[in-house]
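Q: Sequence:
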Amino acid sequence: MTAPLPTANDPTLLKRSLDALKDLRARFEALESRGREPIAIIGLGCRIPGGGETPETLWKMLRGKVDAVSEVPADRWDLSRYYDADVATPGRMHMRYGAFLDAPDRFDPYFFGISPREAEQMDPQQRLFLEVAWHALEDAGLSAKALAGTDTGVFVGANGNDYLQLQLSEPQVLGTYSLVGGTNCIIPNRLSYLLDLRGPSMAFDTACSSSLVAVHQACQSLRHGESSTAIVGGLNLLLSPVVSVAHSKGLPLAPDGRCKTFDARADGYVRGEGCGVVVLKRLSDAIAAGDPVWAVIHGSAVNQDGLSNGLTAPNGGAQRAVIRKALERARLTGSEVGLIEAHGTGTSLGDPIEVEALSEIYGAAEGERRPCALGSIKTNIGHLEAGAGIVGILKVALSLKHGVIPANLHFQALNPHISLDGTRLYVPTESTPWTDPAERRYGAVSSFGAGGTNAHVVLGTLESARPEAAARPSVSGAERSHLLVLSARGRKALSNVARRLADHLTSGAGQHETLEDVCATAALRRTHHDHRVGLVVRTREEALQQLRALQQDVRPPGAWTGTAGRPGRPVFLFPAEPRLSGARLAALGRDCPVFAQALERCRGALQLGQGADGVGEHFAVQVALAELWRSWGVEPGAVLGQGVGEIAAAHVAGALSLEDAARVARACGALLAKGDAAAGALSAALAGLMPRPTAVPLYSADGTVLDGESLGAGAWTRCLRRPEQVSPGIEESLRAGHVLFVELGSEPVLTAPVEEAAARQGLTDVLAVSCLRGSQDALGAMLTSAAALHSAGLGLRLERLLAPHGHFLRLPTYPFERESFWFKERPVTMLASVRSTSLELPRAAVRDTPPEPARRPAEVRAPASPQLAGWAELPERERATKLRSLVHAEVARILKFDAARLDPKGGFFQMGMDSVMAGQLRNRLEQQLGRKFAVTVIFENPTVERLSRHLGTFVTPPPAPATPPREPQPLASQGLSPATGGGTDSIADLLARELEETSSISSKDHLS
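According to our numbering, the sequence shown is numbered sequentially starting from 729.
What the hints contain is simulated information worked out from the structure, not anything from laboratory work.
Idealized CB from N, CA, C, for every residue including glycine.
Please note: incorrect hints may appear among the correct ones.
What the hints assert, rightly or not - Computed cross-link-like contacts, BS3-like style, restricted to lysine-lysine with a CA-CA straight-line distance of at most 27 angstroms:
#	residue 1	residue 2
1	Lys1660	Lys1633
2	Lys977	Lys1053
3	Lys1610	Lys1633
4	Lys1660	Lys1610
5	Lys1220	Lys1660
6	Lys1220	Lys873
7	Lys788	Lys1129
8	Lys873	Lys1633
9	Lys1220	Lys793
To be verified - Simulated restraints, written as ranges between beta carbons of each label pair:
#	residue 1	residue 2	range
10	Gly877	Arg1420	31 to 39 angstroms
11	Gly763	Asp1493	33 to 41 angstroms
12	Arg1168	Gly763	20 to 28 angstroms
13	Asp924	Pro1603	28 to 36 angstroms
14	Asp1281	Asp830	41 to 49 angstroms
Input sequences plus hints: build the corresponding full structure.
A: Take a look at the structure:
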């Protein structure tokens, strides 16, 4: 039954109506507020000609009035072949100069899990954006783990495709990855794919305004709730002489190679290269997350010239309109802006039209006459075309942050068609202090596309949006141990990470950063790669000493280095002895409240005073240490107890409640103190004990896996006896696959037995650590063990291990290990040892694709081929070694890896292998070994070690004839394809054919 409609006499009607109106108004205001919310720039990344590889070095360039223009480098094209001062000469350019990056062919594909084979055909613009975006994310303090699966958007301005043009001019070099590697839409898509970003991923091509349009679209996406974070970039590379010839014929290039913006000598622009990236968040989100903020975007707008004097002619009216719209959205007037980064290409027509529009809106000297600077970074680095807008954003953001307006280069006399009289506009020829207070500091950026798409963005300082959000001071507490964690994708890179951090801490702002803030940023605001080191330090000086040692590839005392794997949860070891002293307990409790609170709970359950009972106190300390490890994110996968240590082990395993475990400890302690080892007395004291099933395996010292429910009153008499040797229990836990062990005691007494047992079983990846050591302060010892576990790959809640800190810092960015990659063929470097031990057919006889796309043979066991027979005749050890070498060499060949860099335990698909390469690898191995394998063999065995072991089952000697035939096994388990029979194709058949056809598409990709 529906509720009755209200009547006019209903006394609540008016109140409910008013409440509904208030609610609607509040919702409307919230939507409107969100639609205008300032956008925080939390990260910057760049690679700019002249050495601008970081925001800091870019700022030094701007302050130092660096002119990055040079003659066209010889590694781009032969200038003598293409240059002619006469622009009318067919097939020649009058472009002699440009702003060029060093070595655009160099890239670190291994860092991004891209194979060298694919990297060769990737446009260097895709490579450049990946590296600069990564640095921008590091600058923002956003790790790959934090971003994965989020609605982070990627927006990129790009319009050049020189690299694809170069490949298209030589059709014989085109390969599988040429088209995807050369398409601009893939620039943002590749980053989204690699980092698992789920928000919009879009490329924009509006010519010279592309990247500023990308900024505007990213801000809209954030304000509309489509994205929570946005990565925005723009870039340009000059790789093809033919494209530059076209530019020379149709666009105004300055003969002297300089953008003389606003100057009377303005006669065109000079082309430039580079990449800029910014990371954006809604300001409220950035402040809530504690993100450092470079600057704030208050408003932006995009429009079009429409029908004007010409398709590529600037339209002053449209420029005025887009500026006014951006200011309106920013809720500012033109008179409040103190710096304008103009489009400013330095053309005789474009500059006067732009300045006239700027003068009308920004030049009016109303009320307080605050000067407003006109500048253009194009005077330093040329015109980056699609990347021009984003580098303008970088310049203004840095100027706002530092409170300085950089000089505009190449300015001698104002263009006679420009008048600044009666305006507050001026052209700075030297760096000028920005005298406006931070809360009143605003700047603007313009970009105008050749096809008429215009963009304008208005920015301010953080204080201009949130005056109360000033940077918090650093917090330096009492001296204590700190954990500093660093990581890299390789050992050499790890040394460079240490060097960069040491250099940072001894120069510039880094000299004044606290150790607390440095450790917090390194732990919580960086991606943790596989090669890791953990340092436990008490002072900055100690940290610097250890970093300098690591820089020299020397592991300092107490540091833990390792390669992260997937070790699983550790075994907690509970020894019977020795006991922890009161002074060290108190110190650990002061530094770790979780430990102190757990210790008090246990003492309360024991109903004993501190130190009144040795067994009880030992139990309480071990349980409290386990609680501390759990608070740090370390959960046991199993537990092992020795003697009275079994009591804490049983509780931690879940077999006994805290109250029952305390009863056992109290009773055992009382009897041992009396010298009474009578089982009857203990059973009587423990009557009513209620054991329960364990949550994790509980090992006894003798190797028995104990049933939790069996730990009743009669099970604890062994605690009254002399503690047993723990080796049998350790041996059993190792056989169960455990490789990490954490000893919960005051001295490392069980770590040595673990290491000895591992050696007896031939295990090399076992790690045993102890909580405490007599020679080290309690917290320092715990952090050292945590460093070891982190280096092994165990996921710790690092935020729980840190001292209180003030704010996050901008630490040095990752040192990529770049190599040269180009689309033309180059030989694959192979290890001599690998090459000499592999049983290879002559190279001409080995193909990457099968001789014919036929179905797989129906028989389960293929007849032994001559190659297979040769393998089977080898001694077992030699056969295994040579097979591993063959697989190693073939994987390196397919991926085009230097074999020395190929990790035998590394996943193929994490190194850039795809289904095409997997099919080609299978084909080559089939020809080398003379038999067929399942289409899924590479996917199911995706490392050199696993694939070698699997293939080894097919090259063993055949059984003797007298051996009874084995029952047929499932075909997939033998690494063979199912029989096709005469009916419908199986799924495996279809997949096999698809992989074979795909791997046959490009003859270029067949390895010679």
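Q: What hints, given by number in increasing order, does this structure fail?
A: 2, 5, 9, 11, 13, 14
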